[in-house]
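Peer 1: Line by line, the protein sequences give chains A and B. Residues in the first sequence are numbered from 199 upward in steps of one, following the numbering used here. Residues in the second sequence are numbered from 794 upward in steps of one, following the numbering used here.
Please note: incorrect hints may appear among the correct ones.
List of simulated lysine to aspartate or glutamate pairs, EDC-like, C-alpha gap at most 20 Å [unchecked claim]:
1) K854(B) / E575(A)
2) K627(A) / D913(B)
3) K222(A) / D237(A)
4) K392(A) / E362(A)
Bear in mind the hints are in silico, worked out from the structure with no lab data behind them.
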Amino acid sequence: MYWDPKMECMPKEELKKMQYESIKKLVNNLYEFNQFYHDRMKAANIHPSDIKSLSDVSKLPFMYKQDLRDNYPTKMFTVPNEKVVRYHVSSGTTGKPTLVGYTRGDLDYWSEALARSMTSIGMNSSDTLQVSYGYGLFTGGLGAHYGGERIGATVLPSGTGGTERQIELMVDLGVTAIACTPSYLIHIGEVAKKMGVDIRRDTKLKRALVGAEPWTESMRQHIEEDMGIKAYDIYGTSEMAGPMFTECEERNGIHMQSDIVYVEIIDPETGEVLEPGQKGEMVVTMLKKEAFPLVRYRIKDITSIIDEDCPCGRTSPRIKRITGRSDDMLIIRGINVFPSQVEYTLMQIPQVGNQYMIIVEREGSLDKMTVQVEIKEESFSDKLDDMIKLQKYIEYEMKKYLNIAVNIELKNPGELPRFEGKAKRVIDKRVM
Amino acid sequence: MTDDVFIQLSIFVNNEPGSLASMAKTLKECDINLKAFNIAESSGFGVFRAIVDDPEEAYEKLKARNLIVRKTELIAVAVNDAPGGLFSAAKVLGDAGINIEYGYAHKNKTEPLIFLRVDDPVAAVEAFKKAGMKTVTAKEL
Chain A
199 MYWDPKMECM PKEELKKMQY ESIKKLVNNL YEFNQFYHDR MKAANIHPSD
249 IKSLSDVSKL PFMYKQDLRD NYPTKMFTVP NEKVVRYHVS SGTTGKPTLV
299 GYTRGDLDYW SEALARSMTS IGMNSSDTLQ VSYGYGLFTG GLGAHYGGER
349 IGATVLPSGT GGTERQIELM VDLGVTAIAC TPSYLIHIGE VAKKMGVDIR
399 RDTKLKRALV GAEPWTESMR QHIEEDMGIK AYDIYGTSEM AGPMFTECEE
449 RNGIHMQSDI VYVEIIDPET GEVLEPGQKG EMVVTMLKKE AFPLVRYRIK
499 DITSIIDEDC PCGRTSPRIK RITGRSDDML IIRGINVFPS QVEYTLMQIP
549 QVGNQYMIIV EREGSLDKMT VQVEIKEESF SDKLDDMIKL QKYIEYEMKK
599 YLNIAVNIEL KNPGELPRFE GKAKRVIDKR VM
Chain B
794 MTDDVFIQLS IFVNNEPGSL ASMAKTLKEC DINLKAFNIA ESSGFGVFRA
844 IVDDPEEAYE KLKARNLIVR KTELIAVAVN DAPGGLFSAA KVLGDAGINI
894 EYGYAHKNKT EPLIFLRVDD PVAAVEAFKK AGMKTVTAKE L
């Protein structure tokens, strides 16, 4: 099923032509009317007339998160305030937050993107969608909410927290789909078990739209086996609008809808555009954005483009699962470490749970990385020897996947923090 | 199973200030009386092993408090309160080819007891009996 078959299945050549025309128009407008981007193009010695084909987009200068911060709150906006109908604010880990403004048109293409995405995973107006993303300044809640309403689903705006009540409502209202972060979904599974609720038997839940924080294929397997549902990866950042794009039922990459976004993958060091299949940093140009432009925006997510035709019939390029962000990458003793690698390793070890915390410290001049994990009750032994063996085994596996020595600390189940919003699993105590 | 094999509870604790106190507080709140205990520590975690009045009931109570608890079979052998007491017990098991995992001592009103975690508790009790040594039942503790 397609929501907008004409747009979703447009022949690739036509699609590229459409993208080129959109970008050409966008760049012309910005050069004429947007001081920031005019200056940036001038500095790069680029004129709109230099953009003669889609591949010429690579000549345009990049935009960075810092640009959004420097122009906080609304200096980057290209429409007057009376056209702006909503703000969202993304949590700034450092420095000022990022403000995102939306016109009516921006909200419209955002909902439209989600309507297509939800349809592509088999949802329709007979679904009941529980939105367990945070509502408010974070884009997840309202985004999924409007997308669900667009396809005519019944939306339950439960937000995060009050997990037991959420599970009761899931049972009582026959919820069929849920949108939330992967760690919250796992938390829901754990709480349901404690309440004696069997997700397979006692609920009608079939699908989950899972995203807003990095997760892994093995986490997906765990969720699906544990809850008897299908979990689909959803992607989108607040700068783009919010969560927008998902996998289709093929579950092999996220369809980046071509009338909405133009995707490039670059080498983060050189800025050079990479070929499909090559892994690098994603750069997005938003084609329908009205309130403020996003041209060649360095999103910092690491992925690659899948260019082959998708059996679902949609022609938009797909991106692979995000394997990390070039900015949440930890450099420990000179080695790049992604928290997703730690998670992946732990998923392979049945004696421990899925929750973890990474603590990085400096001892003398050496970095020390500690991973705290929860042991499972059945793997606890009264013999110290067995426990040390388990600890050493996890350390050995970590070393194998991460290429770095890691100290493992065993914790009681339930002892590590659970996150209902974005997970903060890394504590970096190093003074750089 | 013979009455001479009884249950020890092992509890997982973190190796950091306050965690033993917090576990001990739970024991108090659950009204669990300790007859003997032993603490084994490794980097980052420890194992608290205890002999308590009613291990089955205590096990359920501690589990309900979300502690990781394990039941293990243990034996207790009475030895002379004199040099060579430990030797007499250890030799019996060594001669019988029974491995001692760990042990700890306790002195009741009459005689010293050695609690032993061995790979074959039933065989260990038999070996002690053959050697004319007394093992203690849970009720006698």
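Peer 1: So which of the earlier hints does this model not fit?
Peer 2: Of the numbered hints given earlier, the structure breaks just one, which is hint 2.
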